[in-house]
Amino acid sequence: MKISPEEVAKVARLARLDLTPEKIDQYAGQLDGILGYMDKLSELDTSSVEPMYTPVDQISVMRDDVVRKDFTREEILRNAPETDGAFFIVPRIV
Amino acid sequence: MTRYETVIGLEVHAQLKTRSKIFCSCSTQFGADPNENVCPVCSGMPGVLPVLNRKVVEYAAKMGLAIDCRINRTSIFARKNYFYPDLPKGYQTSQFEQPICEHGHVDIVTAKGPKRVGVTRIHMEEDAGKSIHSAHDNASYVDLNRSCVPLIEIVSEPDMRNAEEAVAYLKAIRSILVYLDICDGNMEEGSFRCDANVSVRPFGQEAFGTRAELKNLNSFKHVQKAIDFEVERQIDLVEDGEQVVQETRLFDANKGTTHSMRGKEEAHDYRYFPCPDLVPLVLQESWLDQWRSELPELPKAREQRFLSQYGLSSDAAEVLTSERDMAEYFEAAVAAFAEPKKIANWLMTDILRELNQTGGRAGDLLLTPQNLATLVRMVEEGAISAKSAKDILPELLLTGADPEELVKAKGLVQISDTSALAADIDAVLAENPKELADYRAGKTKLMGFFVGQIMRRTKGQANPAVVNQLLAEKLK
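Just so you know, the protein sequences line up as chains A and B, in that order. Residue numbering for the first sequence follows our numbering, beginning at 1 and increasing consecutively. Residue numbering for the second sequence follows our numbering, beginning at 1 and increasing consecutively.
Isolated chain A (complex conformation) (with noise of 0.2 Å):
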């Protein structure tokens, strides 16, 4: 096994999934198939070949230090699951 039932609990514990123990142990049999198909990958010889980050050829993409408002607190505020007009108002978290 390449994953662990105990290590999908874990990830998904840390994503706030809430998982059956029947889902955890398909996932892990899921999720399993895919990293053996990966270590498939790894048997190529990459050592010469640098890590690519993007498939995107583009470099250094950046915009000037200018100050623009493009929206109001009233359309930002209109996804908020609940609010008084000032902030996004969510459960008691401390």
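Treat the hints with care, since some could be wrong.
Derived lysine-lysine pairs resembling DSS-like cross-links, with alpha carbons at most 30 Å apart [stated by the list, open to error]:
{"hint": "1", "chain 1": "B", "residue 1": "K80", "chain 2": "A", "residue 2": "K69"}
{"hint": "2", "chain 1": "B", "residue 1": "K80", "chain 2": "A", "residue 2": "K23"}
{"hint": "3", "chain 1": "B", "residue 1": "K130", "chain 2": "B", "residue 2": "K17"}
{"hint": "4", "chain 1": "B", "residue 1": "K112", "chain 2": "B", "residue 2": "K225"}
{"hint": "5", "chain 1": "B", "residue 1": "K80", "chain 2": "A", "residue 2": "K40"}
{"hint": "6", "chain 1": "A", "residue 1": "K69", "chain 2": "B", "residue 2": "K130"}
{"hint": "7", "chain 1": "A", "residue 1": "K10", "chain 2": "B", "residue 2": "K80"}
{"hint": "8", "chain 1": "B", "residue 1": "K387", "chain 2": "B", "residue 2": "K342"}
{"hint": "9", "chain 1": "B", "residue 1": "K341", "chain 2": "B", "residue 2": "K115"}
Calculated from the structure, these hints are not laboratory results. Remember, it's a predicted structure, so these values are computed and weren't measured experimentally.
We have chain A already, so just place chain B on it with the hints.
For chain B alone, kept in the frame of chain A given last:
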């Protein structure tokens, strides 16, 4: 003598003085109404793309150049994954592998002498928002104005061995940031934050002890106190045969203690991976040349220059150069009146005391450097007494008044006119025949008595140097 050695590494988060955020064009202005400076990018809406602010790259690279880092010609951004409501994307965009700068160093001086502290890396990242928690209605209120504000994190090597070294390192880093004009260095407002990793080990042991990470250190005093407390706590644990737990601890400024924030079992697992939304950053040599040429004179170089050019004491040179504002104030005053040591004395005593009390900076003083120079010149030329000058200083600092006019208005002009003073001296000697006889009989200590009487008679306006000289002649 303690049998343990302390090991300290520091992480500094410096907020960069850009106008707009690191990945979007929202304003970074402090103190705006909640959620006014927010857009779909910094509120983490699906489908948006970040675009890097050119100024952030420049500032990060300049800090790297200033502390002799290797500047990585290619650097990449990564996602640091964790959940918190003020982090709307569910990850912080930061750098992990290939940060923009690595392997720098800062030279510090403490009571134990000079020391070089290594800087492991500098990376660019975004700040999180702010949340306010209300027990009353069982809710948290999230303001995303600060979300995506640019930071650089400066990570030191575990090179420091006591709290004094840690504070000296932080002061040096802060000073350089302020000189570069890339961070305002304000610890209370949180634009210069620091976390300390602290561990202890028996002397001679090479392996590090288990470390605790100290947070909530928002002044240099807190850094000192928190580290001192933490070292004691860890030594006590080790002496009692207990284990130091790897954890994050919060400093409580009121109690002067640290307490556990989260244990190892809850320790974060950030699952960093390269951010697919940002292309690699490749720096051109021409940019680096440009940035290098724009570096100002840095604090250490200026301190050396103050020693050689102005002949200041090493203490004065250090104090006057640690803040860029102060160094510029000093030089402007010296340009107006070329008595650097005298001007340094005024700055180091009365004016520094005033700044410490008000928490202000030299650049904010209403008393201009030129006016300070005038005040010092008037004292040196004998136009006013040093005491009068000290007396009117608070008013000058408060109102920014012209010292020459204020001295005139208050009638503080010193009497240095010998004929006027000679009359006063004659009068005093005539009024005190017994003391005069005693003096002539050998009680020369009475000189002070006569000077006092003359000062009283002239309401303190007599120039003491002239009085002394004239009196000595008369008493011959």
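Indices of hints not satisfied (ascending): Violated: none.
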